[in-house]
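K.L.:
Below are the chains, spelled out letter by letter.
4 protein chains.
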Amino acid sequence: MKRARTDKAADSRPRSEARVKVRYAETDQMGMAYYANYLVWFEVGRSQYCNDCGFSYRDMEKETGLFLTVAEARCRYQTPARYEDELIVRTSIAELTRRTVRFSYEIDRADGQPVARGETLHVLINSEGRPSSMPEKYLSLLGRK
Amino acid sequence: MKRARTDKAADSRPRSEARVKVRYAETDQMGMAYYANYLVWFEVGRSQYCNDCGFSYRDMEKETGLFLTVAEARCRYQTPARYEDELIVRTSIAELTRRTVRFSYEIDRADGQPVARGETLHVLINSEGRPSSMPEKYLSLLGRK
Amino acid sequence: MKRARTDKAADSRPRSEARVKVRYAETDQMGMAYYANYLVWFEVGRSQYCNDCGFSYRDMEKETGLFLTVAEARCRYQTPARYEDELIVRTSIAELTRRTVRFSYEIDRADGQPVARGETLHVLINSEGRPSSMPEKYLSLLGRK
Amino acid sequence: MKRARTDKAADSRPRSEARVKVRYAETDQMGMAYYANYLVWFEVGRSQYCNDCGFSYRDMEKETGLFLTVAEARCRYQTPARYEDELIVRTSIAELTRRTVRFSYEIDRADGQPVARGETLHVLINSEGRPSSMPEKYLSLLGRK
Chain A
1 MKRARTDKAA
11 DSRPRSEARV
21 KVRYAETDQM
31 GMAYYANYLV
41 WFEVGRSQYC
51 NDCGFSYRDM
61 EKETGLFLTV
71 AEARCRYQTP
81 ARYEDELIVR
91 TSIAELTRRT
101 VRFSYEIDRA
111 DGQPVARGET
121 LHVLINSEGR
131 PSSMPEKYLS
141 LLGRK
Chain B
1 MKRARTDKAA
11 DSRPRSEARV
21 KVRYAETDQM
31 GMAYYANYLV
41 WFEVGRSQYC
51 NDCGFSYRDM
61 EKETGLFLTV
71 AEARCRYQTP
81 ARYEDELIVR
91 TSIAELTRRT
101 VRFSYEIDRA
111 DGQPVARGET
121 LHVLINSEGR
131 PSSMPEKYLS
141 LLGRK
Chain C
1 MKRARTDKAA
11 DSRPRSEARV
21 KVRYAETDQM
31 GMAYYANYLV
41 WFEVGRSQYC
51 NDCGFSYRDM
61 EKETGLFLTV
71 AEARCRYQTP
81 ARYEDELIVR
91 TSIAELTRRT
101 VRFSYEIDRA
111 DGQPVARGET
121 LHVLINSEGR
131 PSSMPEKYLS
141 LLGRK
Chain D
1 MKRARTDKAA
11 DSRPRSEARV
21 KVRYAETDQM
31 GMAYYANYLV
41 WFEVGRSQYC
51 NDCGFSYRDM
61 EKETGLFLTV
71 AEARCRYQTP
81 ARYEDELIVR
91 TSIAELTRRT
101 VRFSYEIDRA
111 DGQPVARGET
121 LHVLINSEGR
131 PSSMPEKYLS
141 LLGRK
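Same order as they appear, the protein sequences are chains A, B, C and D. Counting from 1, one number per residue, gives the positions in the first sequence under the working numbering. Counting from 1, one number per residue, gives the positions in the second sequence under the working numbering. Counting from 1, one number per residue, gives the positions in the third sequence under the working numbering. Counting from 1, one number per residue, gives the positions in the fourth sequence under the working numbering.
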């Protein structure tokens with residue numbers, strides 16, 4: 001994956017950009033990308049967002065023993081993505097509290113055609129599944145972007 | 001998949017029941033089912049709904065050349081599903097027009113624990129991607145359940 | 001998944017039977033099941049094999065802290081599996097040592113048409129990734145089938 | 001995906017390089033990439049190989065109505081791939097006839113650690129599933145690399 005730098009969005013929220021190329025595995029017999037894969041691409045966007053904030057989501061899991069579990073996901077499909085389409089996933093944080101993060105996503109084809117819009121709400125839990133508070137370090141890393 | 005018969009729901013909407021057992025492939029390193037897989041299980045529920053209405057979605061595609069593409073999907077995650085959990089996917093139609101179908105889903109563990117709730121909105125298109133009208137036959141099959 | 005009981009195979013090796021129905025998610029734009037999914041179905045067969053031996057692979061992981069990691073996999077594709085095809089996955093153990101297990105698979109359509117044949121070799125490791133010996137209990141459970 | 005240029009391998013067979021970064025979706029509860037995903041990465045390698053030969057596999061399907069179906073796949077797993085690992089997939093053609101192509105793959109971590117080795121055998125079929133001959137154009141494009 002080619003990883004792009006952050007650029008200030010029109011609405012001034014910081015964003016990350018990740019690129020994915022639609023895989024054959026991701027198509028279905030309709031000849032388009034299967035609808036669940038958009039949520040996988042959202043996650044690629046989230047990972048990139050963390051990287052751009054200066055940490056790996058993997059290290060956060062290891063260091064803190066905490067996980068960002070998904071509480072809600074939604075996606076609006078605009079133009080079907082097809083095999084070998086180059087997609088840009090733009091990720092921003094719509095809401096950040098000590099215990100929850102709401103990510104917002106825009107997926108466009110590299111030629112600018114809008115492909116999908118979506119949102120995921122995450123809750124921080126510990127390894128026993130209990131809601132937890134995000135350590136100051138990561139709260140500030142995520143917020144600072 | 002064990003396929004269950006239809007039973008009238010409390011709210012009187014007809015429902016289908018499909019059963020899935022969480023696969024190792026569907027887990028992630030958090031030790032739970034990865035969040036995009038719930039949309040796959042929704043689709044297992046939709047397929048079962050069509051079967052219970054007396055047709056295969058595969059045959060509808062072949063016979064009419066039409067596809068039920070997804071326009072929107074949303075999912076609320078309640079209890080994490082884990083490897084080898086037995087899940088029941090209950091599917092009903094929340095809205096049916098000549099051009100759109102809105103499916104509604106409830107996923108519970110076999111022991112009754114609620115796992116997820118969701119909805120998908122579908123638009124009927126032809127092989128060129130143009131919005132189309134559902135043939136009377138399938139409209140009545142879907143509605144009749 | 002409908003789970004079938006064990007029956008002695010022609011070659012006298014004990015076998016398990018698991019059933020899967022091909023999901024829309026598993027198809028690709030060729031209109032067939034994508035080739036990597038056969039390995040997922042093999043794993044459904046392995047899980048069923050363990051269940052038929054009287055234990056859950058999940059419990060073995062929890063109880064022993066050991067994992068059956070995959071060292072080799074191979075698959076020969078015979079007839080393409082298609083959406084809503086009912087498949088039977090027959091799993092047997094081709095070789096069992098204290099540190100390795102070789103599983104053998106036959107996938108057929110419910111109408112008897114051969115779909116795929118394959119094999120996976122597994123090595124037992126602990127949570128640090130070191131090769132380990134299978135506790136007597138599980139060795140005897142797997143062997144006894 | 002960052003796409004790399006072709007470089008002559010030690011054994012003088014032309015190779016393509018594709019890069020993938022392991023996605024959270026691709027991990028399982030063992031904390032490693034699930035074994036079927038390596039076949040998906042092989043396919044990313046094949047797509048890249050075609051691109052490097054001057055055509056898109058998508059266009060070949062559209063232009064000729066032919067498909068490269070998979071007849072055999074095998075993979076030897078060396079070092080487990082983990083979330084966010086950067087992998088290099090090196091693809092070459094081990095054998096090319098008018099009706100079959102054998103691809104060979106090497107997956108290494110970006111730091112050089114060998115991750116997996118594999119092979120896939122493909123048979124050219126038409127839309128009715130009959131074995132077909134590869135048009136001269138594509139035979140020469142694939143061979144020329």
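No lab work stands behind these hints, which were simulated from the structure alone. Some hints could be false.
Which copy is meant is left open, because identical chains are indistinguishable; a pair holds if it fits in one copy or across any two.
Claimed, not checked - With a Cα cut of at most 20 angstroms, we get these calculated EDC-like pairs of lysine to aspartate or glutamate: (1) 62 with 86; (2) 62 with 128; (3) 137 with 86; (4) 137 with 61.
In this text, all values refer to a predicted model and were calculated from it rather than measured experimentally.
K.L.:
Now tell me if each hint is right for this structure.
P.N.:
Quick rundown of the hints versus the structure:
Only between protomers do residue 62 and residue 86 lie at most 20 angstroms apart by alpha-carbon distance; the minimum there is 19 angstroms, versus 32 angstroms within a single protomer. In the homo-oligomer, the alpha carbons of residue 62 and residue 128 lie at most 20 angstroms apart both inside one protomer (15 angstroms) and across protomers (15 angstroms), since each shortest distance falls under that limit. For a Cα distance limit of 20 angstroms, the shortest separation of residue 137 from residue 86 qualifies neither inside one copy, at 34 angstroms, nor across copies, at 26 angstroms. For the identical chains of this complex, residue 137 and residue 61 are intra-copy neighbours only, at 13 angstroms inside a copy versus 33 angstroms across copies, given an alpha-carbon limit of 20 angstroms.
Of the hints listed earlier, the one the structure fails to meet is number 3.
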